Amino acid sequence: MSTVLIIEQILNGLQFGVMLFLMAAGLTLIFGVMGLINLAHGSLYMVGAFAAAAVAASTGSFLLALAASLAAAAIVGAIIELVVIRRLYDRDHLDQVLATFALILIFSETTRWLFGSFPLFLDVPEALSGTVTLPGGIAYSSYRLMIISVGIIVAVGLFLLISKTRIGMRIRAGENDREMIGALGVDISKLYTLIFALGAALAGLSGALVGAIQSVQVGMGEPVLILAFVVIVIGGIGSIKGALVGAILVGLTDTLGRVMLPLFFANFMEQSSATSVGSSLASMSIYILMAAVLIFKPTGLFGRA
Amino acid sequence: MISERFFNYIVALLILGTALVAWVMDEPFLITLTTKAVILALAGVGLNLALGQGGLISLGHAAFFGLGGYAMGVLASHAQTFTPLMEAPFLIVGTNSMPVIWLVAIVASSLCAFVIGLLSLRTSGVYFIMVTLAFGQMLYYFSISWPAYGGEDGLSIYVRNSFPGLNTLDPIQFFGICFAILMLVIYGVSRLTHSPFGLALNGARQNAQRVHTVGLNPFKLQLAAFTISGAITGLAGALFADLNRFVSPTMFSWQTSGEIMIFIILGGVARLYGPVVGAALFILLEHWLGGLSDFWHVYLGIILLCVVLFARGGLIGALAKKERAHV
Amino acid sequence: MSDAVLNILNISKSFGALKASDDVTLDVRAGEIHALIGPNGAGKSTLIAQIAGKLKPDTGKIDLLGMDVTRMSIAERANLGLGRTFQISELAMAYTVLENVMLGALGKRGGAFRFFKPVMKDAELRERAESAIERVGLSQHMNKVTSELSHGQRRQLEVAVALTLEPKIFLMDEPMAGMGAEGSKMLTSFLDELRGQAPILLVEHDMDAVFALADRISVLVYGKVIATGSVDYIRNHDEVRRAYLGEEAA
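Residue numbers (UniProt numbering), protein chains in the order written: chain D, 1 to 305; chain F, 1 to 327; chain Y, 1 to 250.
One chain only, chain D, in its complex shape:
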């Protein structure tokens, strides 16, 4: 296996990890501040992708499509926070799971009703459809490189938001002590809506960005949601840093596992069974990673004990 291929796969892994980070960051923020587990986060991812596909189809502009994904997911997020989610903050996790599961059913079927069961297509913009030559002569998709950059920008932006701004200070206060922040005179319910909408917007953006390299369809959000959960378990809940590290680990493990494991088994098996054993194991690799973290650090790599 050539170095070029390996580097390419590492970049693919990073790109995948960055997407997972956008999902996991919102989830972990919402859990950290409001103590809510939100299964409908995958629906917001889907909402972003469909909004982007619809706007791209009617205007032809990819930038507008991205803006639409952010706006649509944020608005839908704010609405469900106001109507449903805020009734769940004081409930136990079982109620949160069930109510947000109900939201998935409602969102998925409504989307199917509006857009049909067939996948929509969102094209990679012209300007980014080619490849860039990286140092060392490796040609790599400029679009995927753009995704990685967006992820890095969002990660830096989130760190700055949380560590340097007033809102960030309130978020940190809310994570430590929910009653205290109320005592500080902050309008808690507005802050919660804002954080939920922010998490939703990140999920929507992620859905739109991925939508251009995969297809946009109903049910696209939940597999990503579950991977984001794996990321959070590995990174530690409530920690943005954990979400970033966990996401990159999961992205790399999954992508490299799919390429390497079949090749690895080919060394001592015939090709066809090596492919099937390798790909089956690869499909389990990130869960094995998660199990290992659970054994050695049940609260996650950056979780509070």
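There could be a bad hint or two in this list.
What the hints assert, rightly or not - Computed list of chain D residues with no C-beta within reach of chain F, every gap over 10 Å:
id, residue
1, LEU70
2, ILE75
3, GLY137
4, LYS164
5, SER189
To be verified - In silico DSS-like cross-links for lysine-lysine, where the CA-CA straight-line distance does not exceed 30 Å:
id, chain 1, residue 1, chain 2, residue 2
6, Y, LYS144, Y, LYS117
7, F, LYS220, Y, LYS61
8, Y, LYS54, Y, LYS224
9, Y, LYS168, Y, LYS224
10, F, LYS220, D, LYS297
11, D, LYS297, Y, LYS54
Derived from the structure by calculation, the hints contain no laboratory data. Note that the structure is predicted; figures quoted are calculated from it, not measured. C-beta: ideal position from N, C-alpha, C; glycine also.
Put chains F and Y on the given structure of chain D with help from the hints.
Relative to chain D, chains F and Y alone:
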């Protein structure tokens, strides 16, 4: 308000009665529908043991349901093609005998539940939900990527498996088998609830610290409950596969886990007959709403949302008094 | 060693810069009530948590009945004979009084992994549970759900559960808190009797009860034991008066 016990008898009789009336009126489809409700109820009874009594919110019970299903699929497909499962180090052949398949399904799913429980119970709360969901998804992807048993397309079995002395192809006889199993398991769970184990397990759900302080280990109690719970749901999976004569990765999917949980909520959490009432309601809704609209899941979602937000306790909570477990 | 049932040797525990336990040495002897007092924030809860097994000390050693239990779990210590009651009630709130106490009896006897026989019909467990309930005076509330009990009654229930464990030593964290004068008086005379069955390490704010009951008193201030001795010795101890009793008198 009526007593919960009386309510439970009525539910059991209604289900039995529906199947018998359908049999007399020669409506095999209705018998099959009732059988489906009975099997799904069994899956829910399994989850309810972990969730209602143990307080373990597992979103990964599809793993056990699917394993039970594939236990049936794998054994029956080998019997169907007369090929052994393995020859070395010792010979294992397929079978189409239901009792053997059930045994394999129970052993496989309880082993799997033990391992998943061992790992997941190192965490609690919201972590536990995410971890069980993730392990369920792992088996889902595994079943898709493992090509030997149909991969993504699943596996069809052409003959229904056999049970000594009965004709399992006759819908009412197959219903009888499933109903008898459900009643037996419910009896077992009810005994368990009132047993020393039940007292300790329910105590650990309410206050783990208290259970620790009297010298008991909540982890072991919960692991045992999770294992038994997985075994019951696995048995339901084997019966479900028999009903459809088909298994596919869908049985492993997160939607399946969610649906099993919905049965419990619609009926009533930690109620002995909660999953039975819930599964019957679910089948009714699927049938009625599914007839009204292709997008009936929207209505299901709205109903579920309303139950969670406004009617905690489910249908049984609305109709019957709560029975005390240990008096 | 003397006839000490519980021996705490030089244990220290820090949280960051805060020394919650600072080289604490303490023993509880057979037949005595040893009271542990100290102002709020003195580190009593941390010390109790280490004795019960919820926290592990950074350094030092805890001996229970001559066995080193420093690294043992809560359940293992309970099985050895440590009976504990909590400052804030730790009970199964949806259970009745009887069910809570049955849980204790079950923990003591073992056999929690029996899945078939109704536990409430187990004559042996029931007898133990009912006699413990009677001893703390909760017989008429036996079938009441715990969440409906008053705070004082919950304290009594905690003691009843601890009794079923037939402990070799009791660890009681403010058993009088939240009790009316009547209840405190009753519990005081009950504990007075109880010391014949097993010694008690008693953490208590109610000074009347402490002075009435204690054979010895240890005073904890800023994580350190500043004095241990008889009631009279402690009453007249200068440092204690300054650090603690003085405040109360003033």
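For each hint, the structure was consulted:
Every CB of chain F is more than 10 Å from the CB of LEU70 of chain D (nearest about 25 Å), matching its label as outside the interface. Against the 10 Å criterion, ILE75 of chain D stays outside the reach of chain F, whose nearest CB is about 20 Å from its own CB. Distance to chain F confirms GLY137 of chain D as a non-interface residue, since its nearest Cβ pair spans about 34 Å, more than 10 Å. At roughly 28 Å from the closest C-beta of chain F, the C-beta of LYS164 of chain D stays outside 10 Å, upholding its exclusion from the interface.
No beta-carbon of chain F is positioned within 10 Å of the beta-carbon of SER189 of chain D; the least distance is around 17 Å. A threshold of 30 Å between alpha carbons decides the hint, and for LYS144 of chain Y with LYS117 of chain Y the separation of about 23 Å falls inside it, so the pair holds. For the given pair, LYS220 of chain F sits about 28 Å from LYS61 of chain Y by alpha-carbon distance, which is consistent with the 30 Å threshold. With a CA separation close to 20 Å, the supplied pair LYS54 of chain Y and LYS224 of chain Y stays within the 30 Å bound.
Restraint check for LYS168 of chain Y and LYS224 of chain Y: satisfied, since their Cα atoms lie roughly 26 Å apart, inside the 30 Å limit. Of the supplied pair hints, the one linking LYS220 of chain F and LYS297 of chain D holds, its CA atoms being roughly 20 Å apart against a limit of 30 Å. At most 30 Å may separate the alpha-carbon atoms for a hinted pair to count; LYS297 of chain D and LYS54 of chain Y meet this at roughly 19 Å.
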